[in-house]
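Which chain is which? The protein sequence lines are G and Z, in order.
Take the first sequence: its position 142, counting from 1, is numbered 1025 in my numbering, and each next residue is one higher.
Take the second sequence: its position 425, counting from 1, is numbered 1142 in my numbering, and each next residue is one higher.
Please note that the accuracy of each hint is not assured.
Calculated cross-link-like contacts (lysine to any residue; reagent style SDA-like; alpha-carbon spacing at most 25 Å) [stated by the list, open to error]:
id: 1; chain 1: G; residue 1: K951; chain 2: Z; residue 2: M1318
id: 2; chain 1: Z; residue 1: K967; chain 2: Z; residue 2: E1001
id: 3; chain 1: G; residue 1: K910; chain 2: Z; residue 2: L1293
Partial selection, computed: residues in chain Z whose CB lies under 10 Å from chain G [claimed, not checked]:
id: 4; residue: D1277
id: 5; residue: A1280
id: 6; residue: L1282
id: 7; residue: A1284
id: 8; residue: L1285
id: 9; residue: D1286
id: 10; residue: L1326
Worth flagging that the hints you see were computed from the coordinates, not collected in a lab.
Treat the numbers as computed from the prediction; the structure is a model and nothing was measured.
Idealized CB from N, CA, C, for every residue including glycine.
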Amino acid sequence: MTKNIVLLVEDNPDDEELTLMAFKHSKIANEVVVVHDGVEALEYLLGANQSSGDTVNELPQVMLLDLKLPRLDGLDVLKRIRSDPRTQLLPVVILTSSREEEDILSSYRLGANSYVRKPVEFEGFAEAIQQLGLYWLIINQPPPQR
Amino acid sequence: MIETSSLRIIQNGALLLAMALLFDLILDQRRTSQRMIWQLLIGLLLGGMGIIVMLTPWVMAPGIIFDTRSVLLGIAGLFFGTIPTLVAMGILAAFRLLQGGAGAPMGISVILVTGAIGIIWRRWLHKPLEALNWRELYLFGWVLHIAMLLCAFTLPLSTALPLLSTITLPVLLIYPLGTMALGLVMVNRLRRERIANELQRSETRLKSLVEILQMPIESVQEFLDFALDQALRLTESKIGYIYFYSEERKEFVLNTWSKGVMDECEVVEPQTCYELEKTGIWGEAVRQRKAIVLNDFQTAHPLKKGVPAGHVKLLKFMTLPIFSTERIVAVVGVANKESNYNEADVLQLTLLMDGVWKAIQQKKAAEALRKSEEQKKAIIDNLPSALIHIFDREFRYVSNFGEGLREAGLSNETLVGKTIFEVLGPELGETVAGHYRQVLAGKTVHFEGSFGGQDYLVHAAPLRDEQGNIIQIIALSLNITENKQTAKQLQAANLELQQFFEESDRLRRALLSVVEDQRAAQEKVEQLNRELEQRVQDRTAQLETANKELEAFAYSVSHDLRAPLRALDGFSGLLLAEYSQHLDEQGQHYLARIQEASRRMGQLIEDLLNLSRVTRQEMKRETVDLSQIARQIAENLVGPAPQRQVEFDIAPDLLVQADANLMKIALENLLGNAYKFTGQCTQAQIKFGMDEQNGSKVYFVRDNGAGFDMAYADKLFIPFQRLHSNNEFPGTGIGLVTVKRIISRHGGEIWPESELKKGTTFYFTLKEGER
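Only chain Z is shown next, with the shape it has when bound in the complex (with noise of 0.2 Å):
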């Protein structure tokens, strides 16, 4: 009897056990879409081992049969789900019934209550089932199966009350832990599952990472492209993005967008930049700074702010910011899984997100390294001449290159391991070892040196290792023999160059201070009129030496050519006195033409040398009143002629500043030649007087004698030349050019004004008012 309950227990554990292997089932039935056909299928499964566990009781006294239903239905609630337990209570429940007897209604009733305590448990239970412990298995299975001994309570009390008493203690002690046992099974058997999961999407992930990193970054968008197939394909997302994120604009970019976003979304302009303020519910991964999963979407919630019109349906939805250094620099975004999203979509979102970040850092930082090595390759490829080498403590060349190399008739190979003594001999050797020692001391050092018949400048410097101590020492070293050969030009462009930012500054210096701009103009003025004056005093000088010379000429002119002409005269006078009996009509006609041409000559001298007295006299200005001196001239010219009927009109007190002397003369001519062209008038008038013309004094002589054709009024004022014949009206041509030289010299001008047979009118001024 004991044995065989004994082997009843066992069939029954061992039937409890196989439901661990239906509860694989449950797990890959999650996978699967059609998921009621499964339940149900698995729910007919429990029942049948429901039966079979009935079948398999052990009898504890007659009519007290004990089996494992409770177990297995509990386990199956808390487990296994509704379904496929309230499809196995209905099987067990019937197969009850049918079996019938008196323990039939607590049998019923056992099959009911434990199965819905597990469904319930299940129900309440808020986390996860593997993270169930023994300890909540145990007090499951107390639960459970006090609930069961309380079912016995649908048989009558007598025989309740016996039951209870014989079968209450084995049954607590039994089948809680039985129950615990099994249900650690099945909280291993999930956990191995999940753990299995997680490998297997680990798996996935770095695959995806694998190939991530494998792919050649033509463009980081391309680059990214993938990795958010990737981010898809890990999720079981149908759709997602990426966005970049400056955390300084607080601004969001639109990176990537899957493929199916574009087919399935119609929001007509897609905005690509967003504000974050703007944001809705994508945005609160930055905001709350972690990621963000909403499983029912469609409801209402708080954070959402709706999503544009004809934007794709969005079912679950999860979102969460990708960190560089604690900063945001992206957000990633998928939707519309199968199942809800849970954390381990989230961790692995994030450990794949980190991956593609680091990698888009790594590329970055890869090609940044390669264009400086390019651009490094470039550099001494440009140096023309330059030679690099790298020197180890000892001074030993460790490595070469550079343009000048082979133009200073140098390898790397034939260097490599030679310390320079050896390379440049020991007295230069000794000098470059000096410098380099200074740079063993930390210094970075500059030096020229020849070798070679060819001159250097040479740099050099410390190399470090990651512990800041000098391992080696780096040297460029330029050829600067051309150089050389063109300092001094450069010196010469220097100083040229100095000159000039020398000139600036004074420039800017003198543009500074008004004052000082004002002085350097007082300066320059004061130059100038030094230069001036230096002129003046030059001119002067030859002035002088003319006029000596001048005088010199009309000395000799009045003393000697004067003394041909008197003899001229009065021979020529005596032969007529005292010879006219000798001579016929015709020779004393002869004789009175040389006698007039020797006295006109006379005049013309006499004319000229007053024309150059007037030129070399000094001036010397007072006050001179040309009325008076005009008054006398008229009395003195009509003297000689009284029966001329001449009205003179003078204006009086004309007092002017000049030199009475000149002033004198001018007048003589003025007057005289209006008194001598008057000649033929019979009643001549002449006026002297004075207008003002635009403010400026302007003197006249007028008279109503021949006047002349304005046409030749130009020729007046040169010297011999004459608008009327000598016969007509005698002159030498002499006299306006004396006066407009007397009226030059008293800063004036001169110009006439006449109409043949009307008249003349000589207009003068004179610049008063200098002393």
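Next up, chain G with everything else stripped away, as it sits in the complex (with noise of 0.2 Å):
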């Protein structure tokens, strides 16, 4: 059984904050899970150990993944997550404010699902937001478990 939840590697508690409180207004009410960098969100994803074993937690139905982390950063995480088999087809959204062209083609070449950038004015952000909950808790079809 999945408890669907929402994985968010964020390390700025504006940002933080302000996704929080997107969800809630879109009527959202997935558990979302915050981590603050590149690190905890390995570890949260794959132990902290991290070499073997099983998962420590569920698998989240959706990773938003900022690009720019503390220690270990977004592209470096999206790496080693598609090179762990456990964690090979786990769908992950880039979600930041950088919209250069660079990160975009990054994101899509270490197999990124998806590439939202953050608008400036909140209006946008939140409903961004609400549509990639739509999308990637409703509508998308996830990857079996196993």
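Dock chain one against chain two, each of which comes alone in its own frame, and use the hints as you go.
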């Protein structure tokens, strides 16, 4: 049984709060787990030793990943996730301020499922979060858990 | 009787010999001007002598009287000339007539015949009297006395025949001999006279020459003036000239003429230079290369070419060439001697002028020698620190001079007689001797050596005697101590000079061939290209670095600057949405302002990022349909506000070679601006098209919107500079900067044309054809 968790990797507390607010406004009740950097994200997904064994936590239905993160940045996290069979198929949405072509290309190359740019104005931001939630949590059929 | 006859014969002989004395008077009278009186006087004396001769006869037989009147008159005619002889003949004929007697006709006829024979003989004689020899005189005696014997036929034949048979033998035996003897005496006197004359003339000439030679030459001109004076004196001439003659140019140059000429000559513009061809008689001396004498100048002469009007009158003339080693160097001419010019004059003048010429040569040579000596002295004196030594074959100092002698602490006196071994020491002496032995072998040597702490450069050469044997050595030593110190500098200068020459040579060779020239130019171009390439690479590297920095900055801006804005906007929005009941209207207004400011900031950041992207993005030229892009942009613009009345006029098929992405951004900005600034027009018109201007394509975006004052046109392309307030037309002031950047990257230009309230046109060009 799945809890349909959303994993939010966000170091900025403002963005974190605004994202959570947006989920709330969108009437999405799924649990949102927030980690604040890449290392934390990997620990959450692959466990502390990260090497083997079962996952510590249940895999989220979707991971919202910021690119610019302390310690290990978003692209490195993505790389590790895709190289680990346990998380290889995990839906990953890059949610970032950057609109740099380089970032977009790198993200898709490393296997991001979607790339969403955070608008500056909250209305747009909230709408984006709402649609994301709607799509990835309801419309999208996630890969089967093994 | 016999004794008386003998005595008479002796008396006759003595009387005849007295004629010789009288002859001296004849010779003297040659030099006087009153010749006629002299001749008459001498004729009287001859007549007197003849009377005495006739008064001392010897009687051969009764009535047959002999005397020597035939000899006297014959010789007189021959040697004394016509006038004295005729006078004597007259006197004697008259005297004989007075004596009377049977023999009178014969006596008178003898007087006339013998005198006449003498006179005629003199006339017919075509050579000087002194040249007569004894044979000719003997012959003259025979002719004279045969004529005398024939006079016997003036007597009755009966008297004549016995007389002739008696006297013929003794007369012909004795009288011709007597005539010959007296003639020889006369000839001898003549010869002596001539010799005396010549001696005297030679003496005069020698005196002249001595005077000429003793005369200090101030100038050749002055010397020749003097020489001409002497020539005139020697030849008893009144006027004269000396011309220099050039064999090469065949030209005479008047050097001097006598003072008399200028006094008498009235030629208006006397020439002083004549070409040989144009000369008359006086050029003959050159043409015939011998002396020319004309004693009858006023009579016509085939060689004369006349003289200029006013020329001094010439009576007698003599000219002769002066030779120097078989070349004619000058011509001297003298004229108007009282008597005829003769060979003696020619000889004297030739000798004088030869002497004069040799004197000139000698003086010139002496002058040249003096100058040469002076030059030598000047050279030696001006050779700084030079020593000159002359050595004998045993290397003994013979003579020493030069400024360097004293400087080296030496003197001529102390050196003379010593050998180089004594002066230089055995070691150095032997070294130097080695060089000098080569000189003795006939070579000229140069070597360097040190003496007394000074360096010398020595040039040594052999001195030879007249037979060419080497008798001495001359050595010139130059102190080169200082030179040696500057040698290094000199070497450096030489090197520089050499480099200069090499460079010149290189340039010359480069110029020699056009091909080489071109190759050089090509090399230069290639080098410039390489340099340029290097610079481009350097610049590219710099640009890449700058781009990387810019990218890093942009990246950071993208991520970090936007998050706070989002927070500002988000939280103020949340406040407005959920806590509006706690805020009054003013408070809500403030929150709205915060939201607006943060969004505006967001837009600014967005535009700046676009600008930076436009700059950083790699260009990819391809065929781009601008019309198509423009149509799409127009649709997008019209879409959100379909209520606006906007007429887009987009020219079709504007195909360019450009970066599609960048051109889209540019047109978005331009058309977007046009759309924005026509927002207040009731009927907006936006046109995108292309004009050909000066053969190049100019694209334009034209609107009929707000327009702007062209005075501010230059502010359009500066970031953040705006010509309208944000309330009127919102914007960040980045758009046109971005457009300009894009156009620039395409090698084109952009410029506006606008009028307030009428509209704006932006023109731009694109450098196409480069892919």
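Comparing the hints with the structure gives:
1. For a cut-off of 25 Å, the pair hint linking K951 of chain G to M1318 of chain Z stands: about 21 Å separates their Cα positions.
2. A threshold of 25 Å between alpha carbons decides the hint, and for K967 of chain Z with E1001 of chain Z the separation of about 13 Å falls inside it, so the pair holds.
3. At roughly 19 Å between alpha-carbon atoms, K910 of chain G and L1293 of chain Z fall within 25 Å of each other, so this suggested pair holds.
4. This hint holds: D1277 of chain Z has a C-beta 7 Å from the nearest C-beta of chain G, less than the 10 Å allowed.
5. Evaluation of the A1280 of chain Z hint against chain G yields a held restraint, the C-beta minimum of about 5 Å falling below 10 Å.
6. With a least beta-carbon distance of about 5 Å to chain G, the hint placing L1282 of chain Z at the interface is held under the 10 Å criterion.
7. Taken as an interface hint, A1284 of chain Z checks out: its beta carbon lies about 4 Å from the nearest beta carbon of chain G, inside 10 Å.
8. At about 9 Å, the closest approach between the beta carbon of L1285 of chain Z and any beta carbon in chain G falls short of 10 Å, and the interface hint on this residue holds.
9. About 5 Å separates the beta-carbon of D1286 of chain Z from the nearest beta-carbon of chain G, less than 10 Å, and the hint is met.
10. A distance limit of 10 Å between C-beta atoms decides the matter here; for L1326 of chain Z the minimum to chain G is near 7 Å, and the interface restraint holds.
Violated hints for the displayed structure: none, as all numbered hints are satisfied.
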